[in-house]
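> Let chain X serve as the given structure and place chain G with the ligand on it in line with the hints.
Those protein sequences? They're chains X and G, same order as listed. Oh and the first sequence: position 21 is 29 in the numbering used here, straight run, nothing missing. Oh and the second sequence: position 845 is 888 in the numbering used here, straight run, nothing missing.
Each hint should be verified, as a subset may be incorrect.
Claimed, not checked - Among the chain X residues that face chain G by a calculated CB cut under 10 Å, a handful are: (1) E23; (2) A29; (3) A32; (4) W46; (5) G69; (6) L73; (7) E77.
As the list claims (entries may be wrong) - Dumping the calculated DSBU-like pairs for lysine-lysine here, alpha-carbon to alpha-carbon at most 35 Å: (8) G:K723 <-> X:K59; (9) G:K549 <-> X:K57; (10) G:K728 <-> X:K72; (11) G:K476 <-> X:K57; (12) G:K917 <-> X:K59; (13) G:K783 <-> X:K72; (14) G:K45 <-> X:K59; (15) G:K492 <-> X:K95; (16) G:K783 <-> X:K59; (17) G:K965 <-> G:K938; (18) G:K481 <-> G:K45; (19) G:K420 <-> G:K549; (20) G:K49 <-> X:K95; (21) G:K723 <-> X:K72; (22) G:K476 <-> X:K95; (23) G:K407 <-> G:K49; (24) G:K236 <-> X:K72; (25) G:K481 <-> X:K57; (26) X:K72 <-> G:K950; (27) X:K72 <-> G:K917.
Think of the hints as simulated: they come from the structure by calculation, not from any bench. Quantities reported herein were computed from a predicted structural model and do not represent experimental measurements. For glycine and all other residues, C-beta sits at the position ideal for the given N, C-alpha and C.
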Amino acid sequence: MFLIHCPYCGELRDEQEYRYAGEAFIQRPSLDCTDEQWGDYVFNRTNPKGKTVEQWAHAAGCRKLFVVERNNVTNEIYAVRTFESYKEQA
Amino acid sequence: MKRLYKQANERIDRSKEIHFSWQGAHYTGYAGDTLASALLANGVKLVGRSFKYGRQRGIMAAGVEEPNALVILEPETGYHVPNARATEVEIYPDLVAKAASGIPSINEDLRAWLKPFHRFMAAGFYYKTFMSPALLWPKYEEQLRKLAGFATAPNKPDAETYDHYNQHTDVAVIGGGAAGLAAALAAANAGSKVLLLDERAQLGGELVVDAGRDPAAQAWFNQTYAALEAHANVKILVRTTAYALHDYNLVLALERRQDHVTIGARNPHQSRQRLHRIRANKVVLATGSHERPLMFANNDLPGVMLASAVSRYQYEYSVLCGSKPLVVGNNDSIYEVARDLVKAGTRPTVVDCRMGYDASDLTKLGVLVKQGYTIVKAEGRTSVERALIAKTAYSDSHGWVVGDAPETIACDLIACSGGFSPLVHLDCHTGSKPWFSKDYQAFMPACDKPHRYVAGSVNGHSDWQGAAAEGEYVGLLAAGQAANPVNAPKLLNVADFICPDVGRDKVFLDMQNDVKASDIELAILENYRSIEHIKRYTALGFGTDQGKTGNVNGIAVAAKVMNLPIEAVGTTTFRPMYTPVTMGVLAGSEIGLHSDPQRFTPMQASHRAKGAEFEVVGQWMRPWYFPQGSEDMHQAVARECLAVRNNLGMMDASTLGKIDIQGPDARELLARVYTNAWAKLAPGKCRYGLMCDETGMIIDDGVTACISDTHFLMTTTTGGAARIYNHLETWLQTEWPDLKVYITSVTDHWSTTAVVGPKARRLMEKLCKDVDCSAANFPFMDWREGTVCGVPARIMRISFSGELSYEINVQANYGRFIWESVMEAGKEFNITPYGTESMHVLRAEKGYVIVGQDTDGSITPYDANMAWAVSLNKPYPFLGQRALTRSDTARPGRKQLVGLLTDDPHKVLNEGCQLVAEIGSKAMIGHVTSSYFSPVLGRSIAMAVVKGGLDLMGTKIYAKPLSYEVIPLTIVDSVFYDQGKEKIDGEI
Ligand SMILES: [Zn+2]
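Chain X with its partners taken away, still in its complex shape (with noise of 0.2 Å):
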């Protein structure tokens, strides 16, 4: 039971008042992509061990999704960052 630290609400929470919200950065594939490339695109998961970028929900908060940087095995959580924060690094 971790805790994270809100980027909107600036408040270290209960994983409780958080929602999973499924892996970050998946690319959406275009309309004309094979089958293969959208049964990817929907079905398959990267799973690593160690570290994962995941997208996490503020359920019980402010409602806004963001990124969580975490080791899984350890559960340390290396960084956490809205959106916005990696368009401007790109």
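Then chain G with the ligand, alone, in the frame of chain X:
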């Protein structure tokens, strides 16, 4: 066994005699006694029978590690506690306790009569013996169940309450022994807020034994305890077991608040137990260690005890566990126990497998000290009468070799010590692996997680001063202060494990589950090599004690049999909970009505007054049907349905999810999330929408009204409201942050009264003067803003029954007023309120799907025969559009939604019933999704998904319910009633 004269620091109150019942007989103890200490003081040796062989068992330990003394408290009452450990139960006046084992009683156990067969009952016995023929297993199981297990489950509702408590602290110190006390005080003095937890009724841990030996320990305890009690920064929780340590220092702890109080004196307004959820910035684990028993034949005989427990009973409870004790072990601690026993007036025999310890002080007093010997067997009819000891020799290559010429020593108590196992459990809960110390012959805590410290005997300290010094050190560190490192732990001199080479069939490792050294050997012989597999095959450590005394010995035996170093075998995984936790405290106060929120519409009081039966939809309590007189559901639904079809009905539709969508891109959002087109929907119009996820499967449906070009009101299914809101929010924030649109949940802001039936217009004309309700000026799928009974309303001409229908949406506060006004004004039309059951029948007659009933996450719009709701030409492809052309989604032979008519019109199919193409076929081609008796058609109707069903109209197929019947039926179009949509405008 007897009660001694008053020991200096005893923790019993001799002025308070406590009377209690054990196995139906009356006993007396003192306040401060545990059930175990009181029974020992009364000379009770036999407290249970073993799990598998029905062997006699006695009290072995003085704490939570006790494997044998499982008891039932307050049997057959609302206070029934199954499988409590007698060593933890504080006695109270009129306590009723009995053994948790014994068939029929602990004095005569059925299983012990099976003794000639015991040698066949090794590990895997049940699997091997009873699994074939497979058909007979249920019969075997029934008989075996009677023989297995310990206490019976409670048969009355729990009479007590439980609660949860959230706390935050700077430093949580777990364990109130020397190290924990010192850590708590140091951290508090350094300015930290400290929470100190201990499982026992009083702080001190093993200090109570040290205090018996050394007055300085008691003085230190008194001084430290007083300082903690007075300290503003310190909160102490006793009778509180920290049973789990999760990530980010979330400590879960069970506080026993009233378990020690006489039943009649318990405060009914206070919880029996409390679950503390503690968030600590730093955690200090001062959890201590448990002694391991020695491995020898009959080591489970009553009278065989852990050596440290014997001293604990002596100093804490002034109970002497035997008058002719034998103290035996592989480490220095046994000499201290022997000295204790001398002080108590006995003349013990000391047996040490090692040579060289200077025990001259004992020998001078006439104590027989046999070094270079160990115990090989205990003997006695009902408890220990003598011990067999034999010579030992040690070599680095072979470990201990025990001689085969035993000598006999008469004794009534065998106090044994096989070394100590640090309580690494909590440290391991977050995934740390303990490491094996060869010097200490024990698995040690890794303590490799941030914000965590260990101190005291869990870290190997054998003396209280060393433990206290380390406690103080980590207390300062936890408080963020600099501190000088302390000396390395003064480790006890412990010899290697003595794993017997012969007689393993009588050497018990896990007393609670009757796992013997020979079982480990057999498991390895059968090629179970991982300790996790050996554990599961033999049940080592599976009991309520989780192998606290047995596991490490089992690992040592496995290492010896496999000829591996112990560290290569490793431990099994330590998982929460450390000790058993009641189901009650996990549930806390979230039981009964509090287990899940109930939601009511504003009309609830009216529904109840009308005598409605309710059904739960999502969390909503919705009227199911409104019975009149002695009507059953079938009769009520038939009446309600016919009233809607022929006359006038009304329904509370307030529970539908409602999402207000505003912004310049509101229309674009709808176009992207729904499969159909939204570009041309004008203000004042409504449209049905079908929603898919990216797999192309239907996830929701509902009607959306266009309020203005930049403002729409979406409705969702009742159960899907929150999920769909999340869905929209996720897409808006991740993939489409550029869309200028806001969404707001307004489900609770509006209430909806649906007026439904051929006469609906006549009623509306009575109630609403400012809207022209004529069919020409207010057509189907339009909405109007107006005033109903003086209340501003949005009136929508949408229908879930195929009848003329007006849904009156008003601000929720007016919901009940409108409902009751409609009811009153409708009297002249004999208006009939109807519930969800009639709503389901009416919509099925029209073939309208219910998402989640007729669809199941594997149905596309095409499968649902709703191609008309799919628009493939939108500028931005809708969610799931690409998936609809994937090979599997587009293949022929997918299950498609059709109607079914049974040959026998009175036969109503069961929903979920399987369908086959031929009478004798076992190949399922589909299943029934909705099935009702239709009052207006006078026959049964059903909807189903059938492979390729849309091409099978008119085909005869069969339903195969579980009853072995075969029901013939025909595939038809799913619109059963009013195919020509002639009724939609009602009476003109
Ligand atoms: Zn937030």
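> Interface hint check: L73 (chain X), Cβ to nearest Cβ on chain G, cutoff 10 Å. Holds or violated?
holds, 4 Å
> Is the hinted pair K72 (chain X) and K917 (chain G) satisfied, with a Cα-Cα distance of at most 35 Å?
holds, 29 Å
> Compare the distance between the alpha carbons of K420 (chain G) and K549 (chain G) with 35 Å, and conclude whether the hinted pair is satisfied.
holds, 9 Å
> Verify the proposed pairing of K45 (chain G) with K59 (chain X), using a straight-line Cα cut of 35 Å.
Violated, because 61 Å separates the two Cα atoms, which is more than 35 Å.
> Under the criterion that the straight-line Cα-Cα distance not exceed 35 Å, is the pair K549 (chain G), K57 (chain X) satisfied?
violated, 45 Å
> Taking 35 Å as the top limit, are the C-alpha atoms of K783 (chain G) and K59 (chain X) close enough?
At roughly 34 Å apart (the allowed maximum being 35 Å), K59 (chain X) and K783 (chain G) satisfy the hint.
> Just to be careful: measuring from the Cβ of W46 (chain X) to every Cβ in chain G, is the smallest value less than 10 Å?
holds, 5 Å
> Run the distance test for K481 (chain G) versus K45 (chain G): straight-line Cα separation, threshold 35 Å.
It is violated: about 39 Å lies between the C-alpha atoms, which goes past 35 Å.
> Is K72 (chain X) close enough to K950 (chain G), meaning Cα to Cα at most 35 Å?
Violated: K72 (chain X) and K950 (chain G) sit about 52 Å apart, past 35 Å.
> For a C-alpha distance cap of 35 Å, please report whether K723 (chain G) and K72 (chain X) respect it.
Holds - the C-alpha atoms of K72 (chain X) and K723 (chain G) are around 32 Å apart, at most 35 Å.
> Less than 10 Å between beta-carbons is the criterion; does E77 (chain X) satisfy it with respect to chain G?
At about 16 Å, which exceeds the 10 Å cut-off, the nearest Cβ of chain G leaves the hint on E77 (chain X) violated.
> Would the hint on A29 (chain X) be counted as holding, given a Cβ-Cβ threshold of 10 Å to chain G?
Because about 6 Å separates A29 (chain X) from the closest Cβ in chain G, which is inside the 10 Å limit, the hint holds.
The structure shown violates the earlier hints numbered 5, 7, 8, 9, 12, 14, 18, 20, 22 and 26.
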